[in-house]
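Number of protein chains: 2
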Amino acid sequence: MEKWIEELKGFVPESRVLTSVADRHSYSFDASFGEHLPDVVVQVKEKQEVSDVLKLANRCKIPVHPRGSGTCLSGGPLPVHGGIVLDMSQWPASIDLRPRDLTVTVAPSVLTANINKAAEEHGLMYAPDPSSAHVATIGGNLAENSGGPRGLKYGVTKDHVLGLEVVTPEGEIIQTGGQTIKNVTGIDLTKLIVGSEGTLAVIVGATLKLMPKPPAVQTIMVAFDEVRKAGEAISQTLTSGILPAKMEFMDQACITAVENFQPAGLPVDAAAVIIIELDGHPETLGVERGLIEEIMQDMGAEEILIPKSEEEAAKLWHARKQVSPAIAKIKPTKVSEDATVPRSKIPDFMDRLQLLKEKYDLEIVAFGHAGDGNLHPNILCDKRDVEEMKRVEMAVEEMFQAALDLGGTLSGEHGIGTMKAPFMELELGEVGLDMMKRIKDSWDPNGILNPGKVFPEKGQKLVLHHE
Amino acid sequence: MEKWIEELKGFVPESRVLTSVADRHSYSFDASFGEHLPDVVVQVKEKQEVSDVLKLANRCKIPVHPRGSGTCLSGGPLPVHGGIVLDMSQWPASIDLRPRDLTVTVAPSVLTANINKAAEEHGLMYAPDPSSAHVATIGGNLAENSGGPRGLKYGVTKDHVLGLEVVTPEGEIIQTGGQTIKNVTGIDLTKLIVGSEGTLAVIVGATLKLMPKPPAVQTIMVAFDEVRKAGEAISQTLTSGILPAKMEFMDQACITAVENFQPAGLPVDAAAVIIIELDGHPETLGVERGLIEEIMQDMGAEEILIPKSEEEAAKLWHARKQVSPAIAKIKPTKVSEDATVPRSKIPDFMDRLQLLKEKYDLEIVAFGHAGDGNLHPNILCDKRDVEEMKRVEMAVEEMFQAALDLGGTLSGEHGIGTMKAPFMELELGEVGLDMMKRIKDSWDPNGILNPGKVFPEKGQKLVLHHE
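Protein chains in written order, with my numbering: chain U, 16 to 482; chain D, 16 to 482.
Rather than coming from a laboratory, the hints here were simulated on the basis of the structure.
Incorrect hints may have been included.
Here are the simulated BS3-like pairs of lysine-lysine, each with C-alpha atoms no more than 30 Å apart in a straight line [said to hold, decoys possible]:
no.: 1; chain 1: U; residue 1: Lys224; chain 2: D; residue 2: Lys168
no.: 2; chain 1: D; residue 1: Lys224; chain 2: U; residue 2: Lys452
no.: 3; chain 1: D; residue 1: Lys224; chain 2: D; residue 2: Lys62
no.: 4; chain 1: U; residue 1: Lys336; chain 2: U; residue 2: Lys398
Here's a subset of chain D near chain U, in silico, CB distances under 10 Å, partners left out [what the hints assert, rightly or not]:
no.: 5; residue: Val171
no.: 6; residue: Met226
no.: 7; residue: Arg358
no.: 8; residue: His384
no.: 9; residue: Ile431
No residue lacks a Cβ here, since even glycine has one placed at the ideal position from N, Cα and C.
So that you can see chain U by itself, here it is in the shape it has in the complex:
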């Protein structure tokens, strides 16, 4: 056993320093692609332990890869260079809520959905709602700056963070931001660290913004016989003075997949459906619902469904949540992307996806947060089929190029991680990428914190196939 691993046991109880192959294997993957075996897994439970681990790792130049629940879709927690996986999930989950300040301070291990649950007891809400909220930790959400359907109206994780407690790559414990809604005291380290995918610091605590919970919600489902009409309808709605909380999109392949998986009564003959959630006061919802029905009729909707009960509405949202598992049944491998374009470019982006589908003879389905241009094109394939996976690689690269051509970005909410790193320069240019790297290097001179993520390594290419 490496000497430094023995040293770890000096400040973390042996029971939380995992070295067996079985243990290490269960930390070798996340919800994305690829497997990498760490040398050791350290289950930390307090900030001093994190500080001690990082000081040792920095001294011995050992890579450290922080990890929450491992639900990441871009490889954030993968120990691509071996070394240490820092498991934050065993940290005592604490939620310290201050209703009169509309703030909450949480431990990194808290499941995101539980923050909202705690807030609701006081008539408040924690707005970010990534689809993984029930299994993902807030620490992971912060590292990746997670989005979610409500991002349309309420913004993403970063928009709700007031302050952080973090451990630097050199093991120093610092506070960033604070507990106030407004704070312009110096350079914004809080928003710098949120979304840095664990490359700048390890988050050991966070103070989040809460807001009054809207008293009522109204769900509407609209079906279209053309994808382009759905796209137009979304733009039309958002320029009509109405800002829905959610505006989710599903194409025909997704609708069919869900209906085959768990029938929810979705219109299988529709080219696309939009599921909308309005929130606010009941009086307002009535008015806005009427306006949206008018708009959708004008835009040539085939069907407008207003659920008759909460159960019926819940069923629609459940169907939306079932898209991922449902399409996973179609083929063994699912390559999920989240290239994002300006709202008005959604129809064009859908056209480009259609062309890729034909050009590379691949199964590509699309769903997601169309209201903010954040679609999730998924390529359904079979990783054992080397030849097909090579076509997937080419299609993914062209998909990114298409998004950039349309004024979009590589990733709307999943992050860069390992898979998109090779394409960073494509979007940022050499100097832009260098300016990012300077920050990383100034904080982590030995490059020990989550190496192999965000920043492309020399000659790195997207490789999904294994010869």
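On the provided structure of chain U, position chain D as indicated by the hints.
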């Protein structure tokens, strides 16, 4: 004339390179404290000129101080180390609005209020509304991350920026972020630069987020016979499920000052008033107004005024805007602070201000964005009175300490600039400040971009008096 100034004229027309004492003097101050004469003022009109100026300055190690309209309350544009003032105000003001994307791309010289005006023509709004919006440039707002009354509901400038075009201290032109609502492609350089007070890059363009304009607004004024009651009423409202667009506070001294300056019918016998603006659909406003009236009665309001007309409402908001000029009449010198505390701590902070008032025998008035804990305590004094100014210095220092004791921050929206720099370590600690400085140094190795701001210089102290 310095050789480098001659060189400037090689790439900026001579007519825009100002060297006369008169010209330089008019760029030697802003809306805060202190006067510093630059060696030269360069009025840039395109990004290539900015790039050329910075390349020269970086080579010759000449300080460069970017400046918009000079309305800064913390000394952001002051050329404290001489060198170049980079006047961005003459840049051609362009506003490129894309209603279907709910985005707008603007030049740094555009007046913030004009962005909102352009948006309103499409039923949209640009939410940030600093009180200086009609005279301040968006470039300055971005550099300082300006707030404003609507920050309560809609957040500050940073929350509405999607992407930037900037010139680095070494003269490289880069794009950060983009045009999409969601973007997690790498480290967030956009939000890093917004609020960095011109120390990291010169902003030459920005893409901002627009939102649907609320169809209606409702103003309510509430008077209290005790400041503490007003504070309680604010917390009560915000935990009742209502999020007003604005919740502004004025203490008795401000009310009296305004009534002596431009009578608006404010209750001069009240200890404090809150002016609230609700926005949304008319139906909702009726309901929310009723709820707020109930809350205010429960909290012991002396008077609740519902304006009978738009004119009457406008008169109240005009009165709020008159506070600054009105209190400036009381004494020749006004030291404006914006220390910010968690919402629930406003009454405690008001008590601390009262103690300081007595302890140092000073005129201290308070008003501001109480809804988000961002008060503006103003010390009214006479800078010719050396002895008084020394008491002001001590009071300001204790005011900052009080804010920090209550879990607050040095600055909510005015920025650190020159005046608050000496107190940075008090809030951030040595390591926290060092981590900020590392970023600055990695981007600006020669320290030419806006030196003397944000980061304290060796042994720097707050000095308001001149012996």
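Hint-by-hint comparison with the structure:
Taken as a hint, the lysine 224(U) and lysine 168(D) pair is honoured in the structure, with Cα atoms around 12 Å apart against an allowance of 30 Å. The straight-line distance between the Cα atoms of lysine 224(D) and lysine 452(U) is roughly 27 Å, inside the 30 Å bound, and the hint therefore holds. Proximity of lysine 224(D) to lysine 62(D) is assessed by CA-CA distance (about 22 Å); at most 30 Å being required, the pair is judged to hold. Distance restraint check for lysine 336(U) and lysine 398(U): the Cα-Cα separation of roughly 24 Å lies within the 30 Å cut-off, and the hinted pair is therefore satisfied.
Satisfaction of the interface hint for valine 171(D) is found here, the shortest Cβ-Cβ separation to chain U being roughly 6 Å, below the 10 Å cut-off. Taking 10 Å as the C-beta contact cut-off toward chain U, the hint placing methionine 226(D) at the interface holds, the least distance being around 6 Å. Taking 10 Å as the C-beta cut-off, the interface hint given for arginine 358(D) holds, the closest approach to chain U being about 5 Å. Residue-level restraint check for histidine 384(D) holds (minimum Cβ-Cβ distance to chain U is 8 Å; threshold 10 Å).
Because the closest C-beta pair between isoleucine 431(D) and chain U is about 6 Å apart, less than 10 Å, the hint holds.
In terms of the numbered hints stated before, the structure departs from none.
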